[in-house]
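Given chain V, put chain A in place with the hints provided.
As a plain string of letters, each chain reads:
Protein chains: 2
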Amino acid sequence: MSAATLATPNTDNEPMTVVGGGLVGSLLALYLARHGHTVQVFERRPDPRSSESLEGRSINLALSDRGWRALQGIGVEEAVREVAIPLYRRVMHDQRGQLTMQPYGHAEQAIYSVSRAGLNKRLLDLVDQEPRVEVLFNQQCRRVDLRSRTLEMFDAAAGNSQVHTYRHLFGTDGAYSSVRAAMQKTDRFNYSQQYLNYGYKELTIAAGPNNSWAIEKNALHIWPRGQYMMIALPNLDGSFNCTLFFPYEGPNSFETLLTPAQVRGFFEEVFPDAVPLMPELEQEFFENPTSSLVTVRCYPWSVADEVLLLGDASHAIVPFYGQGMNAGFEDCTILQELMTRHGDNWLTIFQEFQQQRKPNADAMADLAVYNFEEMRDRVADPRFLLQKKIESKISAQYPQQWLPLYSQVTFSHLPYAEAWANGQAQERIMQRIMPHIQTEADFELPEVQALIAQELAHRE
Amino acid sequence: MSAATLATPNTDNEPMTVVGGGLVGSLLALYLARHGHTVQVFERRPDPRSSESLEGRSINLALSDRGWRALQGIGVEEAVREVAIPLYRRVMHDQRGQLTMQPYGHAEQAIYSVSRAGLNKRLLDLVDQEPRVEVLFNQQCRRVDLRSRTLEMFDAAAGNSQVHTYRHLFGTDGAYSSVRAAMQKTDRFNYSQQYLNYGYKELTIAAGPNNSWAIEKNALHIWPRGQYMMIALPNLDGSFNCTLFFPYEGPNSFETLLTPAQVRGFFEEVFPDAVPLMPELEQEFFENPTSSLVTVRCYPWSVADEVLLLGDASHAIVPFYGQGMNAGFEDCTILQELMTRHGDNWLTIFQEFQQQRKPNADAMADLAVYNFEEMRDRVADPRFLLQKKIESKISAQYPQQWLPLYSQVTFSHLPYAEAWANGQAQERIMQRIMPHIQTEADFELPEVQALIAQELAHRE
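If you read the protein sequences in the order shown, they are chains V and A.
Just add 596 to wherever you are in the first sequence, counting from 1, and you've got the numbering used here.
Just add 596 to wherever you are in the second sequence, counting from 1, and you've got the numbering used here.
Just chain V, with the same shape it has in the complex:
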């Protein structure tokens, strides 16, 4: 054993403990194993690949560049791409069924619709091939004792509890994390959970004949209605998962749609082109739960070199930017960089991780709420769509100086906090440019060109 390895604790023989075997937990386990660690993963639910699994309903996930990079790091990118559907643009449906389009980026840039359950199963298959990782299912975390470094796990199948000790514990147990709940009771732990006054309801657009798609397959569909909206993402079988984001209370809200007739009447009025494609509308509306939308922030994310929170456990966000999973996956990328740099110096790894990552998680939380307003309201405004076209022209003309905010978040690896700051600065510039522009062609006007050049000169 060299002096260098003696200087930092040698934890090669200490198993890593991961609480939560969802998307981020299983990806993290793979990264830890690739770094030579043995890993024990405790997952509350049954194995999603087993017959006892009841798949929870969920918004389809939108994989984008940050997520792909993390998947690439463990060599699973191509396999996932095979079952992912690229979405190149937003398609907006107005109240008369008229469509408008907004590309997400360049012609070849897309976000990818994937099934949460499918992705989770694929990651677990990979985990099974990794001899260093053991996954225990049906393990409900009843108690985390940070002082004695123990976990009490209730085995739902066996009907009994076992106490496990840990040396390094990773909490990837989601927005309602048990690991974080234990940390919340420690002194000086900052914490907040804030709910939107909106809930969401999962609905379905049925597949067309021969598993064809009844509306454009390679797009994210939005029915923006100002104070509420519906969206739809395609599935491989021709159907679409729709989600209605709707106020809990108020004039148009879950509390006013109480009968099948009210639901049908309301949908026919505001989503007339979608209703004929939704044969199970009323049944789904009343059988599916109304789910809430929470933002969780906390700090610190670590306890000494003993505990670290990742993913939704430390930064749960609302789903409107499609970045929840991507941000959690990027956590794994960042952690793997720090493991490479700092070896087994977990104190340094955990400290640097939280210091680097916290401002980006906060920015992403703000961006997600911001994008809700954009999707439910602003995308219905022709002036907003014109502004996006002008922005994309500026970006084409000045590619080194201007990347639209959406592209910075979705198609780059720029830290979220930088993307958000850049995006706000660019928005202020657009507020000064747009009064001079009435049509797309006005972009070529000499005074507009001069104004843009002047604004961009100021940025340097």
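Be aware that a few hints might be false.
Claimed, not checked - Coverage of chain V stretches by chain A, computed from C-beta distances (three or more under 8 Å per stretch; other residues unrestricted): (1) 774–785; (2) 789–795.
Unchecked claim - Under the rule of at most 27 Å between Cα atoms (straight-line distance), these lysine-lysine pairs were calculated in the DSS-like manner: (3) K781/V x K954/A; (4) K954/A x K781/A; (5) K813/V x K717/V; (6) K781/A x K781/V; (7) K813/V x K984/V; (8) K984/A x K813/A; (9) K954/V x K781/A; (10) K985/A x K813/A; (11) K813/A x K717/A.
Read the hints as simulated data drawn from the structure, not as lab findings.
Note that the coordinates shown come from a computational prediction; the quantities given were computed from them, not determined experimentally.
Note that CB positions come from ideal geometry on N, CA and C, so glycine has one too.
Same frame as chain V, now just chain A:
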């Protein structure tokens, strides 16, 4: 039984349950009893009047008008006044021991230094005289089950747990409330706990000969030092409770004062006039805990007509405005008004209580943090003190139109949110007036008088 009482559920025979028998809990129990309800109070600690009680250290409390009104409502105001010390002004101690003064209000207006333990004992004595109220001590709340409406209480003296059912539960169990913790796990419960980067340490200025006061008795003493401060409040025995508010980390912080010599050296440098009066300084510094400073916000404060949070359980604030207890006592005043208005209609009472009280609690939380900056920094600035003198002259000249912010918070019953909004508007006016003023006498200048008249005309 009249038709009117039949219209609302008759809960006369349903005992009220109060978790937490501290200041707000015992006052609340008295108010509930005066309204004809029987009340069972569970308190975690032993009876503070018994020999087994270990009195916790605490900042002395500053009772002001909102607190007095609540005590008056149960007829205990005069008895408490007998053991309260009026403080008519702030006395600032600079680094050379020079003093400056700032009155709190008019000559006869004061805040009152009282002992938390003494006040709690007096309220419990009153509770004992109230046959409708039963207080059970040593009852640690282990679990609140909101669905089955049960409490699991661990009796520390008996060493066993008992399950109690409740019909109407009041959570007055403080900043780390168990009742709130149960509510936090329910859907759509907004919650945040935010810590300052400052801790506090209790210290003592000893009594002079024959229980005399070594520094001015009827004042709140402040040693403002920009990034930190010490304060002192008088006790009846001639001593003062001092509190050092100090950063946890950084150049001058708890992490840099590690030895008795470092503590003495630092105090002699920055609090030179206080050190000779603090014979136990080093011992107290290392024996007394360093305590943290948290702001807790949450919403809703109620569950149906079943549970209501009051006091620190729903709105814990930092102590710098001396309003924590006063705000909790004002909760009792507001609740008693709503009980008078709505009888046994607890759903309405709880709804109106939280809707009316939440914005005021939020404003008070902001005011408390604001006053920390004022006390540790701004009160050392001669321009700030001059501004306060000018404000007091404006208030004397225009008593109907101008009440200083501190007086609105401390010597009025104006809702906190209104006080805070008025105070901010007045501060903006002062920012426009002060550039014209160099000395107190400048207040009489015709152009200053004209400016003030003009500003106040705008306010109407």
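Against the structure, the hints come out as follows:
1. 774–785: Contact hint for the stretch 774–785 of chain V vs chain A: holds, 4 residues under 8 Å.
2. 789–795: That given contact holds, which follows from 3 residues of the stretch 789–795 of chain V lying within Cβ reach (below 8 Å) of chain A.
3. K781/V x K954/A: holds (24 Å)
4. K954/A x K781/A: Roughly 20 Å between the alpha carbons, so the hint for K954/A and K781/A holds.
5. K813/V x K717/V: The hint holds at about 24 Å.
6. K781/A x K781/V: The given pair, whose Cα atoms are some 14 Å apart, holds under the 27 Å limit.
7. K813/V x K984/V: Given that 27 Å is the threshold and the Cα spacing comes to 23 Å, the pair holds.
8. K984/A x K813/A: holds (23 Å)
9. K954/V x K781/A: At roughly 24 Å apart (the allowed maximum being 27 Å), K781/A and K954/V satisfy the hint.
10. K985/A x K813/A: holds (23 Å)
11. K813/A x K717/A: The hint holds at about 24 Å.
Violated hints: none; the structure is consistent with every hint.
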